[in-house]
Amino acid sequence: MKKKSGILRTVIAMIAGVLSGVQPSWALVPDSVVGRGGVTVWTSSATFAPHYLAANRFGKLTAADGAVAELSVESNGLDPKKRWDYSFGADAAAGYRSAASYARYFIAEESWLPNKNRPRAVRLQQLYAEIKWRSLFLSAGMKERGSLLLDDNLSSGDMVHSSNSRPIPQLRIGFLDFVDVPFTRGEMQIEGNVAYGRLADDSWWESHFNLYNGHVATGIWYLYRRIYFRTSPLHRFGVTFGAQCASQFGGTTTYYSHGSVERVQHRGLRFGDFFKVFFPTEAGEEDFRIGNTLGSWDFKASYKFGIGTLGAYFQWPWEDGSGMARRNGWDGLYGVEFHTSGNHNIIKGGAIEYLDLTNQSGPMHWAPGDFPGTTVAGEARGADNYYNNSYYNSYAYFGRTIGNPMVMGPIYNTDGYLQMIGNRLRGVHAAIEGCLGTVWEWRLMAGWRKAYGNGFEPLIPALHSFSAMAEGKWHPAAINGLTLTVQAALDRGKLPSNSFGMAVSAVYAGKIFGR
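When we follow our numbering, the leftmost residue of the sequence shown carries the number 1, and every step to the right adds one.
It should be emphasised that the hints constitute simulated quantities derived from the structure, not laboratory data. Honestly, I wouldn't trust all of these hints.
[What the hints assert, rightly or not] In silico DSS-like pairs for lysine-lysine, Cα to Cα no more than 30 Å straight-line:
hint, residue 1, residue 2
1, Lys60, Lys450
2, Lys81, Lys304
3, Lys60, Lys116
4, Lys60, Lys494
Could you put together the complete structure from these sequences and hints?
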């Protein structure tokens, strides 16, 4: 509880700092404040909910069964037309979620025993405050943010920062939207964000670890930055391109071997580290000069035609210099999407994606700097082992992958292994959505993936899974603001297991005050 209350105090301090900059002339009352209240009930036939029932929901649903009530209050978002503006929000949930059993080694008994873990009954999902001046904004706290490049409702998920995990407490600064690059007459625009945060899931990693082999890291800091350029959106044809980069740094890592602590690495944290980690320079035993860094090269082209917009995109992931230099072959996420014009079309949009992460710059990694005194001077920068690291936890938050959820997060490893076991994989994903009149919405999703292991440990035989989901939403005309949702989903395969599940939710949203 001390760790949790400490994080809450940190978030509140961040928010207080942001609100201290509010100008008296516009700080009195927001334009509107919206309240939402809802209940979600779900059940599944296996240890975990099916993939599409859980993926890209900001970490709200993973357990097999549950009944949760959620209440949120949010002001209107930052208005790009205003010189100064501010917004805030809070979102909390409480209820029951089923437990999952993880293997744990108890050295005193020299035996493996089940270790049951259940999500907390009460959860603070969001708590944030934001201010803007002209085209710049500053945000503090925990806020749900998805991908800028991809459609979170249709895509399998962004490679670096998707909507799959819970929001991380952070300070974020950047452009509110794309702004014109000087001297280009609006033909080129730029967008960028930088966020420093503190991962608040130490207790999750410690409680799910098997305490036998591997490592667990605590006290980790997080850095996210991105920069995108795009051509003028006023033209029929447009291009967006740029890069994302995320880092883990600081903290302490404890290494275990056969149930005993082998060594403890205290990295510490100095003020200068916040600047050094910003630029991913390779050097030292952690591959990068400071921390663990990963990212992606992103590209999207779109064309506007009479009935909508057609787009094609890719994200090329990297874990070190070999991936940055595109020595990892054609590894990446490739997709095509479309969106139709209008609000209530039978078909509103769709996406088809292909994910390939099998090259990983080759099967071997050898860096002489990792082994002082070695006579082998050559280097082999392979085994990129996406989302995994030898010094930090895998790239997950509360067990759910921060990047693309087709790479199964450690929350699904019931053997208590904290790395991602299936990041060397291929997969396909398709989604389509639309409306039936003004009160009904529908969405269908389906995907297949096959995992061959990770950068160092193969899966023999390879594991595969087929997943599908059907969703229907009803907005009763007689009760404005009410949304009833029914979802049915299934998994067939071993990523992680066969599962069938259903979820039903009722959410009411209405203005507390404002226009």
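Verification of the hints:
1. A threshold of 30 Å between alpha carbons decides the hint, and for lysine 60 with lysine 450 the separation of about 25 Å falls inside it, so the pair holds.
2. For the hint pairing lysine 81 with lysine 304, the CA-to-CA distance comes to about 25 Å; that is within 30 Å, so the pair holds.
3. Between the alpha carbons of lysine 60 and lysine 116 the distance comes to roughly 19 Å, so the proposed pair stays at or under 30 Å and holds.
4. About 22 Å separates the Cα atoms of lysine 60 and lysine 494, which keeps this hinted pair within 30 Å; it holds.
Of the numbered hints given earlier, the model fails none.
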